[in-house]
Amino acid sequence: MKSVTQIVASLSHVPGVVAAMIVGASDGLIVETSAMLNAEAGDTRKHTAALAAYLYSKVTRASDAARLGTPAFMRLEAEQGHICVVGARDVVLVTIVTPNANLGRVRLDMMTAAKGEA
Amino acid sequence: MSNPTVAEAWVAAPLTKLMEDARLISGVLLYPTGRAVGQFGFSNAADVMSICALTSAINASARELGRQLDGKPFYELHHAGAERQVFMARASAAGQEFLFVGVFDSESSLGVVEIYFGEFQKALEKLRPERQASVPIPAGDFEGELNRSLDALFGPIGKR
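Protein chains in written order, with my numbering: chain A, 1 to 118; chain B, 119 to 278.
Hints were generated in silico from the structure; no laboratory data involved.
None of these values were measured; they are calculated from a predicted model.
Think of the CB as a built atom: it goes at the ideal place given N, C-alpha and C, for glycine as much as any other residue.
Mixed in with the good hints, there may be bad ones.
[Stated by the list, open to error] List time: in silico SDA-like cross-link candidates among lysine to any residue, alpha-carbon distance up to 20 Å:
no., chain 1, residue 1, chain 2, residue 2
1, A, K58, B, N121
2, A, K2, A, K58
3, A, K58, B, A171
4, A, K46, B, Q186
5, A, K115, A, S26
[Stated by the list, open to error] Label-pair ranges, simulated between beta-carbon atoms:
no., chain 1, residue 1, chain 2, residue 2, range
6, A, Q80, B, K244, 19 to 29 Å
7, A, F73, B, A164, 47 to 57 Å
8, A, K58, B, G262, 40 to 50 Å
Model the full structure from these sequences, guided by the hints.
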């Protein structure tokens, strides 16, 4: 099993990933994070981590309510890029991704990492 | 969710925003002396009185513990219960220190509360009015200060 540091390092090297983080699912606190690329506008990792974990918990409830089971992958598309989240038991993997990133590769690597983490 | 009741009007807006954004069940903003500045989620003055007294004492103990262990006072304190969690932290505005204690459950998270508390602190710093000349209060009048602030929040005893 890879360590959390290895998982974050591996995800942060995927082209288009601006930052990769492992975040506590219930408390929204960062367990491990990569450096944030292009952080001229300020480092928002702490905010993103807490709110992404919170959002993922709500999405999980919505998915349960719709009887769809646990969400496998969550992607939030915004004007300047994407936030991707995958749950892995007590933690969630969160990446901040540029608009032109290879989302298929990001998704695959996050899902594989989450399987290793779970 | 009821709106905050406040003893100082300028804290109403930031306290309401904190309550809503962080999805807090209840909370009290107070001076380190135990005097309440605003509260939400409580309908009973006795509860607020207990919380102010306990928070003031916990802050004093935690501050000293931080000094002993880490060389500086602890900044915040978090206690996770089975269903509800308590978040306690210091904020300052124009040199005046405040304490905040808030309660949340699984509808929120510590990370979310920390983020919005950070914004709350900035709002306090921005909105804090110039200090007005206040009526001198005898030093150590903890009970008197507490009662005056509770009167401001819930009305005088007998009219509550």
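Status of the hints after comparison with the structure:
At most 20 Å may separate the alpha-carbon atoms for a hinted pair to count; K58 of chain A and N121 of chain B exceed this at roughly 25 Å. Proposed proximity of K2 of chain A and K58 of chain A is contradicted: the alpha carbons are some 28 Å apart, above 20 Å. The straight-line distance between the Cα atoms of K58 of chain A and A171 of chain B is roughly 36 Å, outside the 20 Å bound, and the hint therefore fails. For the hint linking K46 of chain A to Q186 of chain B, the alpha-carbon distance of about 29 Å lies beyond 20 Å, and the restraint is violated.
At most 20 Å may separate the alpha-carbon atoms for a hinted pair to count; K115 of chain A and S26 of chain A meet this at roughly 19 Å. Between Q80 of chain A and K244 of chain B the Cβ separation comes to about 27 Å, which falls inside the hinted range of 19 to 29 Å. At roughly 50 Å, the beta-carbon separation of F73 of chain A and A164 of chain B lies within the given 47 to 57 Å, and the hint holds. Between K58 of chain A and G262 of chain B, the C-beta spacing of about 46 Å keeps the proposed range 40 to 50 Å intact.
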